[in-house]
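4 protein chains.
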Amino acid sequence: MKVGILGATGAVGQKFIRLLQGHLWFEITALGASKRSAGKEYKQAANWIEDVTLPEEIASKTVKMCEPSEFGNVDFVFSGLDSSVAFEIEGAFARAGIPVISNAKNYRMDPTVPLLVPEINPDHISLIDKQTFTGDGSGWIVTNPNCVAVPLSISLKPLHDQFGIDSIALTTMQAVSGAGYPGVASLDILGNVVPYISGEEPKIRPETSKLLGAYSGGSIEELEFKLDATATRVPSINGHMLSVSVKFKNAPSDVSEVVEAYQNWENPIADLSLPFSPEQLYLLHENEYYPQPRLHADFNNGMSLHIGRIRKGEIFDVNFVALAHNTIRGAAGGAVLNAELLVKKGYLKQ
Amino acid sequence: MKVGILGATGAVGQKFIRLLQGHLWFEITALGASKRSAGKEYKQAANWIEDVTLPEEIASKTVKMCEPSEFGNVDFVFSGLDSSVAFEIEGAFARAGIPVISNAKNYRMDPTVPLLVPEINPDHISLIDKQTFTGDGSGWIVTNPNCVAVPLSISLKPLHDQFGIDSIALTTMQAVSGAGYPGVASLDILGNVVPYISGEEPKIRPETSKLLGAYSGGSIEELEFKLDATATRVPSINGHMLSVSVKFKNAPSDVSEVVEAYQNWENPIADLSLPFSPEQLYLLHENEYYPQPRLHADFNNGMSLHIGRIRKGEIFDVNFVALAHNTIRGAAGGAVLNAELLVKKGYLKQ
Amino acid sequence: MKVGILGATGAVGQKFIRLLQGHLWFEITALGASKRSAGKEYKQAANWIEDVTLPEEIASKTVKMCEPSEFGNVDFVFSGLDSSVAFEIEGAFARAGIPVISNAKNYRMDPTVPLLVPEINPDHISLIDKQTFTGDGSGWIVTNPNCVAVPLSISLKPLHDQFGIDSIALTTMQAVSGAGYPGVASLDILGNVVPYISGEEPKIRPETSKLLGAYSGGSIEELEFKLDATATRVPSINGHMLSVSVKFKNAPSDVSEVVEAYQNWENPIADLSLPFSPEQLYLLHENEYYPQPRLHADFNNGMSLHIGRIRKGEIFDVNFVALAHNTIRGAAGGAVLNAELLVKKGYLKQ
Amino acid sequence: MKVGILGATGAVGQKFIRLLQGHLWFEITALGASKRSAGKEYKQAANWIEDVTLPEEIASKTVKMCEPSEFGNVDFVFSGLDSSVAFEIEGAFARAGIPVISNAKNYRMDPTVPLLVPEINPDHISLIDKQTFTGDGSGWIVTNPNCVAVPLSISLKPLHDQFGIDSIALTTMQAVSGAGYPGVASLDILGNVVPYISGEEPKIRPETSKLLGAYSGGSIEELEFKLDATATRVPSINGHMLSVSVKFKNAPSDVSEVVEAYQNWENPIADLSLPFSPEQLYLLHENEYYPQPRLHADFNNGMSLHIGRIRKGEIFDVNFVALAHNTIRGAAGGAVLNAELLVKKGYLKQ
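Chains as they are written, first to last, in numbering that gives the first Met the number 0: chain W, 0 to 349; chain G, 0 to 349; chain Z, 0 to 349; chain X, 0 to 349.
Incorrect hints may have been included.
The list makes no distinction among identical chains, and a pair is therefore deemed to hold if it is satisfied within one copy or across any two copies.
To be verified - Straight-line distance between alpha carbons at most 27 Å, and here's what the computed BS3-like set of lysine-lysine pairs gives: (1) Lys311 / Lys348; (2) Lys60 / Lys344; (3) Lys311 / Lys343; (4) Lys246 / Lys311; (5) Lys248 / Lys1; (6) Lys63 / Lys129; (7) Lys348 / Lys60; (8) Lys104 / Lys311; (9) Lys343 / Lys225; (10) Lys225 / Lys248; (11) Lys63 / Lys348; (12) Lys202 / Lys246; (13) Lys311 / Lys344; (14) Lys311 / Lys60; (15) Lys248 / Lys39; (16) Lys42 / Lys225; (17) Lys348 / Lys34; (18) Lys246 / Lys348.
Since the hints were made in silico from the structure, they are not lab data.
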């Protein structure tokens, strides 16, 4: 299938390009960026920051404006657009009958737009049928959640299914790549911790509530729970670390039940053999010093969710740490997996 | 007053040496270290890691064995000994009639030993009278708490006084200097987060309970509260950052009452003009990106407690972050302040 | 004396503000910045990045436009202006009869403008008399060199005086603060080395040639030497490290003569008791692991020059490493010292 | 072929294990380490620091003593032994008829031991025939050079072949992984530069001289050249950066000839299709900000040599920077490539 990348020169756009090299199903045929970049060769327009070689066939492609008329031959687009322009551009593509698999935040909380993590809420895909961008259903938008809501919701799903979530205390230690490029100034973060990330905490609850919500009759009933969240930035490159405490509605009698909840949970997309589906979704670490961003974020191509330090709490039923690669599992890689699921479900087609 | 340093070549010992340069009351006259160092000049024995020049009068001093007979002319000693040897050596000094102001953990939970933060529990000093190292009260031990318990208890004291603590959720982001030297391997922490610090979490509750406990009739009634704590290591040099959530027995109606609790709290040692007492104990930051270890840990010579991001929670009554210099306020500097208070109280004398 | 700061909100401007707190001779009475900041309180206009508290009297000052008419009551100004605007603004101040002590590069190579390091070329001050900004000599400009040329020229001066420089091979390892704020992106430098700094290498030779050049008859005869320089960026905060190799015209017979050249060199401003003059200009380290940016850059308030690893070479007569604080000795602190010298020489007066 | 790993629990040993997973020709069948580890399962004995999962079949293997009698069924061994024990143990294996492909320094300068980089001096292999560990030639030792000599000699080889090397000025910026584990203390290197690495500089010249020396009649005529080298440590994880300046015997008339020398150079092992041979040995970067350790060290599985910033000098004929992965190309990966070449040459066989 032929795919376009919107926002192709930015950090997320670059990650899409990297991840899609050699993809079994998808081939990049169009790159879109801002007016400033349009008309240039990609290698001139982009400051390539990935730690692999920029593929030659991408390097020499001419960047287009992000207008549907320029993307006539694609089957769908991935969007790594900045939120300042994503609402308008993604809408225009959908109205033009070009499906949009977006990493931007703008449509995430739209009640007709799936906020999708394939393993967690694949049934939410049906929301697409409610979208009215076109009369014939040819154009629509699917989004993936924020890079904290992704690991949080994945880490909670098996526990929620079994014990029911009541309340969550969360402190995040987030990698600098989450702020894009140039993003965090080195003078701000070298040898430092910054206890605040603008706009981050307010996304966590609504997105997690929607993700873990129940689909019924064409809409999502968002999950209600209490949340106290503190988002901090630390000098790691990739991999958001979460310190999570959870109280359940039906408390497990023992922490071993928590471990078993992960081990026994059935992945609803396990049989679909999606190319970006990790061999193991949950990696439970017994070594108390694990998981670590530098050592583990790239496991299984950055698509696994790492859990460590599962312990019984005094206030909460369980405390643990969770880690996922923020720009792969938590952004571009999640979007690719979304697209793969949408192919299997028949929404994306040539 | 003449003071000796036990464990003088280690990271804490070096900090004592640095902090005591030019001290108004205390002069270092003896340096003690292990058998391997004894007999050498200090500059040969120690791998000086402080970012100031090693003072010449210290550099040329001959290191002694940590035996009371070698410290005949000191009025008291500071101990930066490793916990593997502190129990025995500190006990020997106390029994020899030499007061020990210790940073080691070994005697912290001894019911007759004050675990002292001068601003928090100065009345606990009276415990000294229960000690039986000598018959005449000439030898005794006072300790300062762990580098997490210090900022935690200081940040909680005004809130506990006013609202009464019920439960605490805590995630720490601790600097590498907390592990001493060589301490944390660079391969473990560069661009990384390690979600576990051996032995750290189990110290936090008992020490905080004792610190915030009430002195009565010669003993401490430890404070009871629930605690869920996760201690992590991040690549900062100095300054432990704490993400703290607290539920009170008598909840404030508004978060502004929390701010006022800090502002109105009366520092019991404010009038004593102790040299190491910071001009401001509590620095409340309004900038949401503050406090930060690299920017703020050294304020007021590393003796202040920084609070930021005071917010109302959903589970907890208040969430905030706290920061203090771990090897100054949380270790050697706290011990010096302890000694200064003990001078004023008449326990230490020439 | 009353001083103004041009470019007061930038990284260099902030350093001027920090360094001048409590200065014996100079008091900041006016702050100038861009149109975007003018009219705001300084604390609103600036993103304060220094690791000390923003002084209250500065915080509440209203920022002015960088126009001479706004600086009527100052005796002179320090300029931390960006080079994109410094030529015009600094010229305007000089023409208005307000002396400018500048850190910007624009006038450095002007043949009538002293490129001044007080210990190295104090006689170059006489160039001021050639300046024609005003008819009465009331307005003029003095500059300090680039943050590499400063430590390079200071490290070379005693050797040049004694042996005569023939050629220099140089590799720098420069701290991120040298790029200002936001400056270097954390994604570019965390755990990394960047082997190029735009515009840096071309400044090193001409500035060093002028600095070490001889003043004679109203002009500077620049020093000729060969130079191969490579400027790199490393993840340190403050302190540029230089790996220097030098061949002389009259080679020392032994490396000990190099050490003696430093020890015997007479500092021409030693008797002036300038407040920013470091107690020791040259700190020669015998420990082979020294100097180090994190440990030593701040020594003597960041105004010393550190030399280490002095060794005889096979190609060059001597190899050594040099270190100086790039934003203090190599920028704002050097400018303050320049001003102090100009006071003593009678050029700056109330 | 069945291979054993000596020093299997150390940093280099771990790298051997990682690199040999799925190797086409070699299978690890025996792991040797110190007395302290012998008898334990590998996962208990080793503190696994690689950023991939420890393979299960290795994790459960029992670690042996490093004695030849314990390695009866291997065809040869890789040695990642510490130099304090490598001389004796490697000699014992060779005498027992077990070929040793070593990363240790002990035998590197032995006149009968090849110091081998397959692309540079494959003809040096013939030295093996001079070894007398056994009477029948069944046991012998081949070494790979130090992690600086490797990129230096590879970067110089095409230039030396064409222009003849006269003298070299070198400053290295070396990654922390070069010091093994725990290696460099985080307190020493976080936000810092250390201008000295014990024992590093003295290895560079003899090893490079031997590597680039001519094999003739059973011995190596070492290359003579002048060298001034400064080795520093910087806070990068993997990838040693070299700032190199070279003067030739027959100077190129233009720097473009230097570029052509790389482009036209013929790799003597290009036709052998060795599994660890990189697709491109030389990656010449035109982007002045490249190469960078974090972005490029892992290219081509860490086996390429990166060159950037090729410029004409004033003292030297050319200045450039070179980068290679220090623990892969500069250590374990180089050793694996050595073994592969020795298989093709018939020295290693089942």
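Here is what the structure says about each hint:
no. : hint            : result
1   : Lys311 / Lys348 : neither (47 Å within a copy, 48 Å between copies)
2   : Lys60 / Lys344  : neither (31 Å within a copy, 44 Å between copies)
3   : Lys311 / Lys343 : neither (40 Å within a copy, 45 Å between copies)
4   : Lys246 / Lys311 : both (10 Å within a copy, 19 Å between copies)
5   : Lys248 / Lys1   : neither (46 Å within a copy, 56 Å between copies)
6   : Lys63 / Lys129  : neither (31 Å within a copy, 56 Å between copies)
7   : Lys348 / Lys60  : within (24 Å within a copy, 49 Å between copies)
8   : Lys104 / Lys311 : between (35 Å within a copy, 26 Å between copies)
9   : Lys343 / Lys225 : neither (35 Å within a copy, 49 Å between copies)
10  : Lys225 / Lys248 : both (12 Å within a copy, 19 Å between copies)
11  : Lys63 / Lys348  : within (23 Å within a copy, 57 Å between copies)
12  : Lys202 / Lys246 : both (21 Å within a copy, 24 Å between copies)
13  : Lys311 / Lys344 : neither (40 Å within a copy, 44 Å between copies)
14  : Lys311 / Lys60  : neither (54 Å within a copy, 33 Å between copies)
15  : Lys248 / Lys39  : neither (56 Å within a copy, 44 Å between copies)
16  : Lys42 / Lys225  : neither (47 Å within a copy, 36 Å between copies)
17  : Lys348 / Lys34  : neither (30 Å within a copy, 54 Å between copies)
18  : Lys246 / Lys348 : neither (43 Å within a copy, 53 Å between copies)
Of the numbered hints given earlier, the model fails hints 1, 2, 3, 5, 6, 9, 13, 14, 15, 16, 17, 18; all others are met.
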